[in-house]
Each structure stands twice: as C-alpha cells, then as structure tokens.
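Engineer: Sequence:
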Amino acid sequence: MINSYTLSKALLGRARAVIPGGVSSGNRANWTPFPLYYARGDGSRVWDVDGNDYIDYVLGRGPLILGHGEPEVIDAVCRQLRSGQFFAGQTEAEIELAELICTLVSNAEMVRFCNSGSEAVHACIRLARSATGREKVLRFAGHYHGWYDGIAWGFSGVDVHPDGASFPLPMSLGQPSSDASNIVAVEWNDSEAVANAFRTYRGEIAAVITEPIMFNGFWSNIQPFEGFLRFLREQCDANGALLVFDEVQTGFRISLGGAVEHFGVAADLSAFAKALSGGVCLAAFAGRKEVMKRLIETNTVHTGTYNAYPPAVVGALRHLTLLAASSGAKLQRIHHQTALLERGLRDLVRQTELPLLVRASPGAVTTAFRAAPTQVINHRSAAEGLDFSLQRAWHLAMQDRGVRITPEGLWYVSAAHSATDIAVTLDAARDALQSLSSR
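Counting in UniProt numbering, the final residue of the sequence shown is number 439, and the numbers go up one at a time with none missing.
Calculated from the structure, these hints are not laboratory results.
Quick caveat, the model's predicted, so the values are computed rather than measured.
Glycine included, each C-beta is placed from N, C-alpha and C at the ideal position.
Any given hint might turn out to be false.
What the hints assert, rightly or not - Ranges between beta-carbon positions, derived for each pair:
#1 Asp427 / Arg61: 19 to 27 Å
#2 Asp427 / Phe225: 34 to 42 Å
#3 Gly203 / Glu226: 23 to 31 Å
#4 Gly385 / Thr6: 33 to 41 Å
#5 Ala88 / Arg350: 56 to 64 Å
#6 Lys293 / Ser389: 48 to 56 Å
#7 Val424 / Val23: 22 to 30 Å
#8 Arg40 / Asp237: 46 to 54 Å
#9 Asp427 / Gln332: 23 to 31 Å
What the hints assert, rightly or not - Simulated pairs of lysine to any residue, SDA-like, Cα-Cα distance not exceeding 25 Å:
#10 Lys330 / Gly43
#11 Lys289 / Phe231
#12 Lys289 / Tyr306
#13 Lys9 / Pro33
#14 Lys330 / Gly69
#15 Lys9 / Val23
Let the hints inform the model, and build the full structure from the sequences given.
Structural biologist: Below, the structure written as structure tokens:
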C-alpha cells in the first residue's frame, strides 16, 4: 500500500502559486487525493516524485500504446534533435509518415500534420465547411472533440425545452453563444434524431462529426449500434454533407486502419493523434484528395509554426512502423492483453455487490460505478445513476495499491503490459473492491 505523497503535495503547493490549480490541463486537476507529480516512466510503469511506482493504465491518456520510453522511438527523436531541431520547412520523414498513414488507412488519400487532436478536428470542420459552403455541424452529446469554442458546444449534453426544441450545452464559461447556432447536437445511437436533424436543417449541415466509439469521460467505450455508422454515411451522402471521424482515440488503437477498417465505413475526413505518435506531440488529419486539396487550391487556411515538427515526425514514423510491423503483431498483443484485463475485471464484478460496470473496446477498458440498470447507449443513459463518490474512492484505492487509472475509470493497455502486470492489477482490484464493500 502506498501511504506517502509528501513530495507531490509540496510541489503542488509550490505550483499553485504560479500555475492555476498546479496543472496545465484541466482534466489533471480532478486526481485523487490531489494531482501527483511524476519523475519517470519505463515500459508499463511510472514512478512519482515520492518514489511510488505504479502499473500505468493512463499512458499519457492514450498516446503511449507501446509503453513508456520505447527505445527505438526515443533514439529516432534524439538523432533528429542532434541533426536539426527545427527548419520551418519540410523533411523527407514527413513524406514517409504521410505515405505510411495513407497505406494503413483506406480513406486517407492525403494527410496534413498539426500538433494536437483539437487542431486536427478544427481543420476537418473548416475543410467540411469550405467543401460544402455550409456552416452547421451535427455532433453527438458527450463526444469530446477538443476544447475549441466552435465544437465544444454539446459536449456537456443537450437542453430540451418544453416545446421540444433542443439546444447544445456549453462545455465551459467563456464560449460565445453565437457559436451554438452552428452546432446541432443529438444523442448518439439515435438514428431518428439524426434523420430529423437533416430534415429540420435541410441543406444547412456541412458535416456530421463522431467518435466511432464513444471514448471519453465516464461514458467511455460505448459502442455504436449495429449499422449506425453506416447510417451516418448514408445520411451524409443523401444530404450532401461530409462524414468526419474523430479518431484521436480510436486511430491505430482499435485496428491499424482505425475505425474505417474496424467497422467497414469510410469517412470523408479523419482526425488522428494519441496512438499515432507514441508520446511525441503530433497529430494529423486525412481524407479524400478532392477535399484535402482545397487547402492549396482554395483559400482554406491551415497553418502552424510547429506543424510537422521534425523530432515529432521521426518519432511518430518509428512508432507507427513498429506498431505495423509483422502484420500488426504488437497491436494484436495489446488487444490480447486488453481482453485478459476485461475478463478478469468482469470476473470480479460477479464476486462483488458493488454496482461496477465494465465496458471495453480493443486497447482500452472502462470501469464505472452506476446504480441505474438502464442500458448504456449514449451520453444521457451513461450519466444516469453514476456514483461519483464511489468512482473517486475506487480511483484512490487502485492508486494506493500501485495501479494508475484515470479518475473517470478509463484504462489504456499497451504492448508493454505483461501477463504478470495484469495478474497483479486484478489482485489489486479485488482487494480494492473488498475494501470499498466494507466502507
């Protein structure tokens, strides 16, 4: 059992004097018992500044799909830093990485690079509006597409008025209400709501944007209904809109070809980050050539000083090459280890009276405590009956037992996680559940 976070607590106090909340990303502030500070990572493990070590299922919130400190990725980045840090120009590695993405992802005919998933999504939406001459975007409540104002409306849900009209809710204070007028938000897996939106806003919707698997927050790992993604494809085709897949989470994780390969449905544009790069700061958006060429043939602007930053590009190229080697052997291992973890957690659910729910997709598992017996199919149903107090207690109990998961219960699995790691994790989970049951 871990019983000391003394140095982390001291650093947090120091940080709060100069960094709001002591953190540089808002979702790091809700850690229990408070945000911790880390010293190093290796393989499947991380160490905090107090010397506590953890089996890590946070993995930088998804990018470290090969584990911490993959030597070949680190070596590639260091070699590039020594030979040339930054040129504000092009490198051959940039072409090679784009070619590899186009080889792996069937709907990727052209690629552009940027620095974050939020940027990639923003570029996809701009391209969709440019290509269609329309402004409205249909999105799904609870899907996270980054923190930019223009798409953040609807993340927190939809407000339905007595007259039946619905309005997207803001994610944050400071979002201009004018942006909401161009967002149409509906619940996921609701085909009738999608069809009705296209009828209501006929000729106005530029794009439908979706996570192929609902992957964020307490409502993560919610699968699309059978045929739902294909229905979105058909609705977009019938109404002259573009289909955008936000593959920041699913890309190169659920399969080498992402959601397009996994579900057999092609998007017009896709946004990638996280598992694309293996821990270096890089993102990309890709899609049909006729749409992507608008970036050069029309006044559709996409710029960025650090776009295709050479050390990040070579790191991502090495990372993705390793992931794709031997017909994706490392990714197959990740999926196998994910299945082991999922089965073990489901076995523990049958042994406890606590309302623990386990969901999974290839490469990630979700654990959530909820009293409501309703089927979890979208943001609204997932939010019903969530026991936030028990969720926080579970997070701390696992952390105290040397297992690091996200506060909302999303577990990422890497190629570095061994069978022993999984076994130790399940022992810790069993002990944590017993402890919570006796509270």
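Engineer: Do the beta carbons of Gly385 and Thr6 sit within 33 to 41 Å of each other?
Structural biologist: Given a distance of about 37 Å, which is inside 33 to 41 Å, the answer is holds.
Engineer: Is the Cα-Cα distance between Lys330 and Gly69 25 Å or less?
Structural biologist: holds (15 Å)
Engineer: Is the hinted range of 23 to 31 Å satisfied by the C-beta distance from Gly203 to Glu226?
Structural biologist: Given a distance of about 30 Å, which is inside 23 to 31 Å, the answer is holds.
Engineer: Should the hint that Val424 and Val23 are 22 to 30 Å apart at their CB atoms be regarded as holding?
Structural biologist: The hinted range 22 to 30 Å holds for Val424 and Val23, with Cβ atoms some 28 Å apart.
Engineer: Using the beta carbons of Ala88 and Arg350, state whether their distance is inside 56 to 64 Å or not.
Structural biologist: holds (58 Å)
Engineer: Given the hint that Lys330 pairs with Gly43, test it: the Cα-Cα distance must not exceed 25 Å.
Structural biologist: holds (14 Å)
Engineer: Given the proposed pairing of Lys9 with Val23, does the C-alpha separation stay at or below 25 Å?
Structural biologist: Roughly 13 Å between the alpha carbons, so the hint for Lys9 and Val23 holds.
Engineer: Given the hint of 34 to 42 Å, is the C-beta distance from Asp427 to Phe225 inside that range or not?
Structural biologist: 36 Å Cβ-Cβ, so the 34 to 42 Å window holds.
Engineer: Taking 19 to 27 Å as the stated bounds, is the beta-carbon spacing between Asp427 and Arg61 within them?
Structural biologist: holds (25 Å)
Engineer: Does the alpha-carbon distance linking Lys289 and Phe231 stay inside the 25 Å limit?
Structural biologist: holds (23 Å)
Engineer: Can you let me know if the beta-carbon spacing of Lys293 and Ser389 is within 48 to 56 Å?
Structural biologist: About 52 Å separates the Cβ atoms of Lys293 and Ser389, which means 48 to 56 Å holds.
Engineer: Does Lys289 pair with Tyr306 here, judged by a C-alpha cut-off of 25 Å?
Structural biologist: holds (24 Å)
Consistency with the previously given hints is maintained throughout, with no hint failing.
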